[in-house]
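Engineer: Chains A and B, in that order, give the protein sequences.
Using the working numbering, you'd call the opening residue of the first sequence number 1 and step up by one each time.
Using the working numbering, you'd call the opening residue of the second sequence number 1 and step up by one each time.
Since the hints were derived computationally from the structure, they do not count as laboratory data.
Remember, it's a predicted structure, so these values are computed and weren't measured experimentally.
Even glycine gets a Cβ: it sits at the ideal position worked out from N, Cα and C.
Keep in mind that a hint or two might mislead.
[Claimed, not checked] Using 25 Å as the maximum straight-line C-alpha spacing, the simulated SDA-like pairs for lysine to any residue come out as follows:
no., chain 1, residue 1, chain 2, residue 2
1, A, Lys397, B, Ser42
2, A, Lys390, B, Val34
3, A, Lys397, B, Arg75
4, A, Lys366, B, Arg75
5, A, Lys119, A, Arg169
6, B, Lys3, A, Pro412
7, A, Lys448, A, Lys119
8, A, Lys397, B, Met1
9, A, Lys397, B, Asn2
10, A, Lys397, B, Thr28
[Said to hold, decoys possible] Derived CB-CB ranges, DEER-like:
no., chain 1, residue 1, chain 2, residue 2, range
11, A, Lys425, B, Ala57, 23 to 31 Å
12, A, Thr356, B, Asp68, 28 to 36 Å
13, A, Asn423, B, Pro94, 32 to 40 Å
14, B, Gly35, A, Val309, 36 to 44 Å
15, B, Asp68, A, Ser357, 25 to 33 Å
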Amino acid sequence: MEQNTILESPISFMLERFSASATSTAVIWQEQDYTYQWLLSEIEKARDFFKVHSIEYGSIVALRSDFNPTSIAFVLASLERGIILVPVSYTVKTFEEFCDIAEVEHIIEVTSDSITHKKRSQSVQHEIMLGLKAKRHPGLVLFSSGTTGKPKAAVHDFIPLLEKFKVKRHTLRTITFLLFDHIGGVNTLLYILSNTGTIVAIEDRSPENVCRLIEKYNVELLPTSPSFISLLLVSRAYERYNITSLKMMTYGTEAMPESTLQRVHELFPAIEMKQTYGLSELGIMRSQSRGNNSLWVRIGGEDYQTKIVDDVLFIKAKSAMLGYLNAPSPFDAEGWFNTQDRVEVDGEWMKILGRTSDIINVGGQKVYPIEVESVLLQMEGINDVAVYGKDNPLLGKVVAVDVVLENEESLPMFKNRMRSFCNQKLERYKIPVEVSITSESHISSRYKKMRPRA
Amino acid sequence: MNKDEISALVSATVSDYLSSIGADAQVTGETRLVGSNAVVDSVGLVSVIVDVEGRLADAGIDVSLLSDKAMSMQRSPFRSVDSLAEFINEELNPVA
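Using the sequences provided together with the hints, build the complete structure.
Structural biologist: Here it is, written out as C-alpha cells:
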C-alpha cells in the first residue's frame, strides 16, 4: 500500500501543485532558497523517518521546532500518515506538560542541524484521540495561549481544516512571523504552500531582523500581532531598512490600540492593513477591514456564522475543533462558541473592544484597557503600556497602568503629565489612578500583551 | 513629619491633582473631598489618596489610607483636606 500513499493522501492536491512548480522557491531559511522539488524530496525523507522509527498511522507526535524547511516537510508528511500532530515551538517552556496533556507517543525535534526521535511510554485514553485514530484522520493539537488560567489543548480533525486550501488563490511572499504552534502560523504555512508561494521562515522575530528580511527578500506580506507592530514603531527599525516591498500587514490575536493603527498607517500609507480573526478552537475566519486605518472589521466566510449576544461575539464554525483534551466542551447545544470578545457593532461591521476578562469595573462603569492604552500611547516618550484593574476598597476596582518610558521621569511628574494629557480624551474614571514606571515591556515571547492581574 | 508638613503635603497633592485635570481651585484646609461641595469626584478622591500615599512613601513613610480602620470610622477621614491630614497625623504620631 505504501506506494499508493500519494494517491490517497489528504495533501495530494498540494503535492501535485508542488510538482508543477518544482523549480519555484518554497522556503527561504537562513539566507538559503529551498525549491518545491527539494521540499518533495524532503517529504520523502520524512516518510522514511516515520517508517524507520515505527511511527505508525494515527500516532500522536509532538514536533518540537520552529518553521524551517525540514520541520515543514515533517508537518506535510505527518498529514499523509494520519498522524495527530502536536507542534510545539521553543517559546513553550512547559513542553513535558504539553506532551502529557496531549498523550504524546513520539517526540520529533527538528533543529537546524539535527532530527531526533524519542518514544514516550504513553497510553492513549482520551476519547477524542481514540476517535481520530479510529477514523485514520490526521489531527492537530493546538494550545490556547492561556492569558487566563491554564493553556487548553484544542484538538482538530485536520481533514476539514485542509478543505479551504483546495481552492487556488493568489499568494504574496510571506514571512512566517506567527508561530509554528499557533493557528495563525499553521494557516499561513498551509495557505502559502498550497498556492506554491514563497515563505520566508524566521527564527529571530525582532523588529530589526524582520525589517532586514523584508528588505533582503522583497517580502510582501507580514502577518503579525498588534504588540509586534507597537515594538516595530518604538524600534524605528523601518528607518534602517527599505521595507517598501511590503504590500500588506495583517494583525490579529489581540485587540489593536486605535492610535497604533493610525500611526502605522500614517507612516506607511501604501501598505494595506488588514485585521484577521481566528481562534485555536475555530480556525481562521475570512475578514475584511473597513479601511487601512479602521478597526471596523467584517468577519465570516462560508464556513462560519456569527451572532452577538450582550455585546459578546459568538461563532459557529463548520470546521471547529473536536474538543479540548483538558477542559469541558465550550460549545453550547447548537454548537455556538463564546469567544469572550466584547464587540461594538455597526451594521455588518464590528469593532473588537477586548476580552471580557480584561474589562475593569470602576464603581460600576466599564473600562476597556485597550482604549486607555491607545490614548496613553499617544503621549510623548512612551515605549509600552499595560492597563489593568486593581482592587480598591472605595470603587471595587481602579484603573492601573504600568508604563515603560523612553527617558527617565519622576513618578509625580509623569502622573501630572499623564492626567493633563488624558483629561480631554478620556472620561475621568478611565484615567489611571495607580501608575507604576517599569523597565520591562509587557509583550510576551509570543508577541502578545500580558496585562498584570491584580 | 509633623502635622503642618502633613497638611502641606495633602494640600499640595490635591492642588496638583486639580490642576492636572484642568480644574484649578484654591485649596485650603476646609476644601471638601467628599460630599456635595467636594472638589473631586470618587475617582478623583481615590487618585488623591493614592498620590498622598505615594508622596508619603517617597518620604520614607509607609501608610495605608484605605485601611479598614479609615473605611469604618464614623466620621470619614476623607471629608476634607484637614480631616485627611489629621487622620494621617494620628496614624504617624499616635497620642499615647
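Engineer: Given the hinted pair Lys397/A and Thr28/B, is their alpha-carbon gap at most 25 Å?
Structural biologist: Judged against 25 Å, a Cα distance of about 29 Å means the pair is violated.
Engineer: Is the hinted pair Lys397/A and Ser42/B satisfied, with a Cα-Cα distance of at most 25 Å?
Structural biologist: Satisfied, since the Cα-Cα distance of roughly 12 Å is no more than 25 Å.
Engineer: Given the hinted pair Lys390/A and Val34/B, is their Cα-Cα distance within 25 Å?
Structural biologist: holds, 22 Å
Engineer: Keeping to a limit of 25 Å between CA atoms, is the pair of Lys3/B and Pro412/A held or broken?
Structural biologist: holds, 22 Å
Engineer: Please test the hint of 28 to 36 Å on the beta carbon pair from Thr356/A and Asp68/B.
Structural biologist: Because 31 Å falls inside the window, the suggested range holds.
Engineer: Next pair to validate is Lys366/A with Arg75/B; report whether the Cα-Cα distance is within 25 Å.
Structural biologist: Outside the cut-off at roughly 30 Å; violated.
Engineer: Just to be careful, I want the Cα atoms of Lys397/A and Arg75/B compared with a cutoff of 25 Å; is the pair within it?
Structural biologist: Judged against 25 Å, a Cα distance of about 23 Å means the pair holds.
Engineer: Go ahead and decide if the range 25 to 33 Å is satisfied by the Cβ distance of Asp68/B to Ser357/A.
Structural biologist: holds, 28 Å
Engineer: Straight-line Cα separation of Lys397/A and Met1/B no greater than 25 Å?
Structural biologist: Not OK: Lys397/A and Met1/B at ~31 Å, beyond 25 Å, violated.
Engineer: Compare the distance between the alpha carbons of Lys119/A and Arg169/A with 25 Å, and conclude whether the hinted pair is satisfied.
Structural biologist: Status violated; Cα separation ~39 Å.
Engineer: With respect to the beta-carbon atoms only, verify the hint that Asn423/A and Pro94/B lie 32 to 40 Å apart.
Structural biologist: holds, 39 Å
Engineer: Between Lys397/A and Asn2/B, does the CA-CA distance stay at or below 25 Å?
Structural biologist: Between Lys397/A and Asn2/B the Cα gap is close to 32 Å, so the pair fails against 25 Å, i.e. violated.
Hint violations for this structure: numbers 4, 5, 7, 8, 9, 10, all remaining hints satisfied.
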